[in-house]
Amino acid sequence: MALLDITDLSLTLDSRRLIDGLNLILEPGKIVGLVGASGSGKSLTARSIIGLPPRGAEITGTIMLDGLSLLSLGDKKLGQIRGRDIGIVFQDSAAAFDPLMTIGDHVAEPLRWHLGLDRKTARIEAQRALNRAEFPNDIDAFSRYPHEISGGQRQRAMIAAAITLSPKLLLADEPTTALDVTTEAAILNLLRKLAREDGMAILLVSHDLPAIATIADHIALIETGKIIESVGIQDITPHRSPRLAGLFASIELQDSRAEIKSGEVALRGHSLSFSYRDKRAVENVSFVLHRGECLGIVGQSGSGKSTLARIIAGLSKPCAGRIEAIKLPCPVQMVFQDPSGSLNPRWTLGQSIAEPLHREQLAPATRTQRIVQALQEVGLDASFAGRYPHEVSGGQAQRAAIARAIIIKPDIVVLDEPVSALDISVRSQILDLLDGLRRYHGLAMVFITHDLGVARRVADHLLVMKDGKVIEQGPTAKVLAEPKHAYTRSLVAASPSLNHKVFTPRASEG
Amino acid sequence: MNRPSAYHRGLWIGLAIIASFICIALLSMMPWMSDPTTIRVAERMRAPSFEHWLGTDQIGRDLLGLTMRGTIASLLVAIGAVTIGVGIGVPMGIVASARENWFSQVIMRANDFIFAFPALVTAILLHDTVGSGIQNAILAIGIFNIPVFARVTFNRSQSIWTLDFIKASRLTGRKDLSIAMLHVLPLILGTIIVQATIQLGLGILAEAGLSYIGLGVTPPMPSWGRMLNEAQTLIGIAPRLVLVPGFAIVLAVLGFTLLGDALSEWIDPRKGRG
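So the protein sequences, as listed, match chains A and B.
My numbering puts the first residue of the first sequence at 1, with every later residue one more than the last.
My numbering puts the first residue of the second sequence at 1, with every later residue one more than the last.
So here's chain B without its partners, still in its complex pose (with noise of 0.2 Å):
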């Protein structure tokens, strides 16, 4: 296909970015690299040296260690929410999409009400049964991501329910479910896999924040946010310690929605071309 050029790059370089992320996330488990988590107090806040390319924290970690790991963290994170909203979004959107009646309003009632609880008031909330823990970022960040799988998965479908085809399918005698999985699901499919990327994105930022204020990942897992947290009041001594997981987290999200927006482009080239 002849496309322009502008989002092909866009592509290349969010799909370059997450690449580089899950290499640097696989690498960084691997038996021969140090455990980033040990402390050695001795060696604390040592500046970049050949031993610790990205010097070491105030209890005497490796920075580029911890950063590295801190990527299974995130992308954990993304990912369980991602799988969250869209295992249970998705279905309830279709399905509340399929027939216009009290049940379909009660679904996306149901969902207005859950999108009004940001992740952040979701976690406070979960933290008493659940405890703190990357089991509580998942759960948050998942309930917020299924309102917003639900509504662009019903948005899409309510239109394709009403087309000639599904009317004729109805006339073969197939009922809803099927209709749904043969005719509907297929073509929102497109719709649904850029979401997600966004939604991943929006994860790993969510994730940041969450573990940032403590309602996140715990320790001794490396984190971004925690690891921003802890460095807070380093900032004027060791601006490295803020600045390096700060820019993984902008380097993540940026990848996610550079590879999102390419691909929504894909699926829609009217938003791309005039």
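Chain A on its own, in the form it takes in the complex (with noise of 0.2 Å):
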């Protein structure tokens, strides 16, 4: 019998039909990965399941967890529910914790709210789960707060928290979006384990399909609010699931980069190194970029590569060394990350896009002219110049971003993790994108990536970063398939979307 089966569901707000007529079936032990872009509806199906829709909306259909229907369920009823039936692991440890309460007190909490426990008996309770969820033994959960510890551990003591009083149903919306890839690895099998050993059931929310598609028994793929495919993991072939099979095919990673040109030196770094606050975020890196290279920098979060991105783009001053650059016409341009932080929302794409040409005295015409030439050259028609941020899509928002770095004809442009907020369709949009512009203006591009296979796809020549420093550096092809360093070896085979062994002999059976 199913464990939470959700029939018809559908989710009206402000006159908008954000899920429609959702269906969706959980077994115990089984683990269902729910994929989508953002915005198809993904969350809003996790939040209606755990009954905090946002206010105002209506649902319609029922969703029974266990025999019982959670939508005909009042308030109080499902605060019990949820915590003791249900567990919760969100995205941002961060903000799901109180910063004021030790991590053990949290994850003791549900034992004292639901059974009443004292406090001695819910912290043996506590600790029992942390050791669970493998959080390390060596660091006291009860005298640490949450700042203290990684984004790992954090995520591993919420899943704790989670499973503390065995819920038969483990929720977790985008659990890994925010760790590095060793990380990441390690929370999937974490939670595979918690399904084949307990019996959970557990619903993953998440737009990395990837990721799902290592510990997933079943991928159901959300399109508008809608389930548009729902296969099992082995059943995944062109032929009875198009669009997954297609999504696969896309993150597959043609091996077509150029021989690298020895072209001339744009920037060289001359043992560069910057400390903040005592500690030594890079140090002594050198490297070489030509003309029309793609160098990729590549590392676990903290290992110091976006303070080199800051360093290259002349944002922040080594504390030693120097960095040489040919005789650049305009400074070096940059392209971060979130797509909506690096847009300021109350400016239309035009005004930011436009921004570089502040200092050139252009005619009003001229100036509408080149952002119109920026925005064709990045994808989007001219329409988008009077757009603002929120009313464009993630991937519209990066190409913008694009647009704006292109518009003065820099040299060099630094892309610091310029994909990795995109859902998997745009990336591959986004990269074919950014090669095209560096073979048509012969940019040279820093690509500072956490990615192995979007780093492969890319880059010309890779340097590999740890603690600050750089452990491995060459060219792509030599360093991912014949790492020297013992790291560069884990993050290789930690790399889901390189090891084509987790999906694609299954992708290519039918």
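Don't read these hints as lab results, they were simulated from the structure.
Keep in mind that this is a model prediction, so the values were computed, not measured.
Using N, Cα and C, we set each Cβ at its ideal position, and we do this for glycine too.
It is possible that some hints are incorrect.
[As the list claims (entries may be wrong)] Partial pick of chain B residues on the chain A-facing surface, computed with a CB cut under 7 Å:
| no. | residue |
| --- | --- |
| 1 | Leu163 |
| 2 | Leu171 |
| 3 | Thr172 |
| 4 | His183 |
| 5 | Pro186 |
[To be verified] Chain B residues, not near chain A, derived (Cβ > 12 Å throughout):
| no. | residue |
| --- | --- |
| 6 | Gly10 |
| 7 | Met30 |
| 8 | Pro36 |
| 9 | Met45 |
| 10 | Gly60 |
| 11 | Leu75 |
| 12 | Phe113 |
| 13 | Gly131 |
| 14 | Ala168 |
| 15 | Gly173 |
| 16 | Leu187 |
| 17 | Thr218 |
[To be verified] Here are the computed lysine-lysine pairs in the DSS-like style, where the Cα-Cα straight-line distance is at most 27 Å:
| no. | chain 1 | residue 1 | chain 2 | residue 2 |
| --- | --- | --- | --- | --- |
| 18 | A | Lys168 | A | Lys317 |
| 19 | A | Lys30 | A | Lys226 |
| 20 | A | Lys168 | A | Lys30 |
| 21 | A | Lys317 | A | Lys279 |
| 22 | A | Lys226 | A | Lys168 |
| 23 | A | Lys484 | A | Lys466 |
| 24 | A | Lys279 | A | Lys469 |
| 25 | A | Lys317 | A | Lys469 |
| 26 | A | Lys193 | A | Lys317 |
| 27 | A | Lys226 | A | Lys279 |
| 28 | B | Lys175 | A | Lys409 |
| 29 | A | Lys279 | A | Lys466 |
| 30 | A | Lys466 | A | Lys478 |
| 31 | B | Lys167 | A | Lys279 |
| 32 | A | Lys317 | B | Lys175 |
| 33 | B | Lys167 | A | Lys317 |
| 34 | B | Lys175 | A | Lys466 |
| 35 | A | Lys409 | B | Lys167 |
| 36 | A | Lys30 | A | Lys193 |
| 37 | A | Lys77 | A | Lys168 |
| 38 | A | Lys469 | B | Lys175 |
Each chain sits in its own coordinate frame; assemble them with the hints.
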């Protein structure tokens, strides 16, 4: 019998239909991945299950949890079910914790609230849950506050808090999106273990298809509030699930990198170092960037790659070392990870794109022409100039940010995780766009990413960073095929989008 | 926009109250209104009548006229004090938030120092140099407002300075000042307006307090706070002398608070909707 049975669920908000007749079944011990682009309704579905839809939303249909109709329950009853029968893990572990409560008390809270346990017993139980979630033993959870532990550890603590009461259903909303690859792989393994060993059903909501594919038994693809494909992981074939198979194919990375040109040197970094509050963020890093070349900088979060990006762009001054550049007609431009944060929300895309032009005295007509031209180069039509960031999708906003970076035709563009915040289907298009711009303008690019799959696709040269130091560098294909350093090997092994075995054979069986 | 009605109501009630007070202030200045400051000892302590709708006080002044005219002092002080606070506090907050260095530390610590002095203490300190009067009240409350606006501005703009579009703007060659004017200020304007509305309400309350203890508006200019002071010995005989100005203070403060709350929910819907 199904543990969770969603039948014909619809949700209307402000007379817009955001979930439209959705059906989903979840069995005990199984992991179902709900995959979709942002705005597809996947998070709304999750919020409807736990009875926290946006205020003013009208919901129809039924959600049955173990024979109990959730939509007909009152707030009080739902409050009892949340935490006891349904455990919840959110994306942003930093925001989900009360900064003034220790980690341990967070995990113990559901025990005291739902079971009324006294402080001491609750702590013992909480420690047991922490151990199950593989929270490091050497950290005393009851004396540490959320900001004192890493993102991966916080995520484990949140999972511990969600499983203290052994819920039947675990709802994980983008649980690994904010984590780097190795931590991501560890968290996903933990979730799979919980499902296998405790018979917990897990609904994994994410836009990250490779991540979901590594652990889910079943994948449901959601688009504009409808499940358009729902298949077992074994059955993903172009014939039975054309859309999912197509998405997998678009992650498939073609090794079509052109041979490295030994062109003119555009930028040279000499033993760069940067310290922040006595912490060495970048240590003795040297590199060469040629004209028209793409230099990939890979590493986990905290490896110093973003600091290095800021130094290259000239936003931070290195504490030691220097940057030597050919005479640049204009400063290095930059594209950032989060398209929504890289555009002023009160400015139209046209205003943002035109900002670099402020030093050139241009006639209004010429200015408009330049904006339209830049928009066209990034594949947007002229009408986008008048739109605001909240009126366009993440991919379109990122295209606009790229347009802003290239409008003054710089020689060098630094891209800091430019596709990490985007949906997979859009990712590939943006990478193609960047590749095209690089070829067309002879642009040199510094491409920061934690995703080796992306790095393999775009970078000619690779710089692997760990703890502020470059531990390996060389031509991309060589570094990835024969990694010399143990750390690089672990990165390659942990990268879901490089590890074809995870899904490729299944996808091509049919 | 489709918003729930709860704070729509607050918005309209607040606006209506404030608009009425402004009308009352303007009306009380019209030449055909009899001067409420005229003393007619023979007519003192009259009960409400057709001639004096709310009666007269202990020296024969018309209570309704005095209360209406008192609106002017309240609004002048509150607006003057907020102008000082915004004019000095907002630039300080923006400058301090732009970069993390000793200079911003000095600015914010200086603000903490000023913040430690309530308007009352400042008013006593200023009394020697400025003398009592409306300017003393405006200055004392205004000085108290500076750190309030400096902090609100600092806190809101600090997070904006770290956003990526600011970095992108720096890469186009813009300097701090133009980034502050083009990017930061427009984004925090809403918050400043909300804070200004709240400080207007608090300013009215503070003016009444200062005038009550004789540090604010001086005679003959009518003020609600001083009316309360003058009537305190008569509370048993003629409670209306206390209740009328008291009610005016409560209503004016309520008006600005309602408007401030409604505006802040408008700007940050997360506060109102889950």
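Tested hints:
| no. | hint | result |
| --- | --- | --- |
| 1 | Leu163 | 5 Å, holds |
| 2 | Leu171 | 5 Å, holds |
| 3 | Thr172 | 4 Å, holds |
| 4 | His183 | 6 Å, holds |
| 5 | Pro186 | 6 Å, holds |
| 6 | Gly10 | 17 Å, holds |
| 7 | Met30 | 42 Å, holds |
| 8 | Pro36 | 47 Å, holds |
| 9 | Met45 | 55 Å, holds |
| 10 | Gly60 | 57 Å, holds |
| 11 | Leu75 | 31 Å, holds |
| 12 | Phe113 | 26 Å, holds |
| 13 | Gly131 | 45 Å, holds |
| 14 | Ala168 | 6 Å, violated |
| 15 | Gly173 | 6 Å, violated |
| 16 | Leu187 | 6 Å, violated |
| 17 | Thr218 | 46 Å, holds |
| 18 | A:Lys168 to A:Lys317 | 53 Å, violated |
| 19 | A:Lys30 to A:Lys226 | 21 Å, holds |
| 20 | A:Lys168 to A:Lys30 | 11 Å, holds |
| 21 | A:Lys317 to A:Lys279 | 15 Å, holds |
| 22 | A:Lys226 to A:Lys168 | 25 Å, holds |
| 23 | A:Lys484 to A:Lys466 | 14 Å, holds |
| 24 | A:Lys279 to A:Lys469 | 13 Å, holds |
| 25 | A:Lys317 to A:Lys469 | 17 Å, holds |
| 26 | A:Lys193 to A:Lys317 | 46 Å, violated |
| 27 | A:Lys226 to A:Lys279 | 49 Å, violated |
| 28 | B:Lys175 to A:Lys409 | 21 Å, holds |
| 29 | A:Lys279 to A:Lys466 | 14 Å, holds |
| 30 | A:Lys466 to A:Lys478 | 19 Å, holds |
| 31 | B:Lys167 to A:Lys279 | 23 Å, holds |
| 32 | A:Lys317 to B:Lys175 | 16 Å, holds |
| 33 | B:Lys167 to A:Lys317 | 14 Å, holds |
| 34 | B:Lys175 to A:Lys466 | 34 Å, violated |
| 35 | A:Lys409 to B:Lys167 | 18 Å, holds |
| 36 | A:Lys30 to A:Lys193 | 11 Å, holds |
| 37 | A:Lys77 to A:Lys168 | 16 Å, holds |
| 38 | A:Lys469 to B:Lys175 | 32 Å, violated |
Violation of the numbered hints given earlier is confined to hints 14, 15, 16, 18, 26, 27, 34, 38; the remaining hints are satisfied by the structure.
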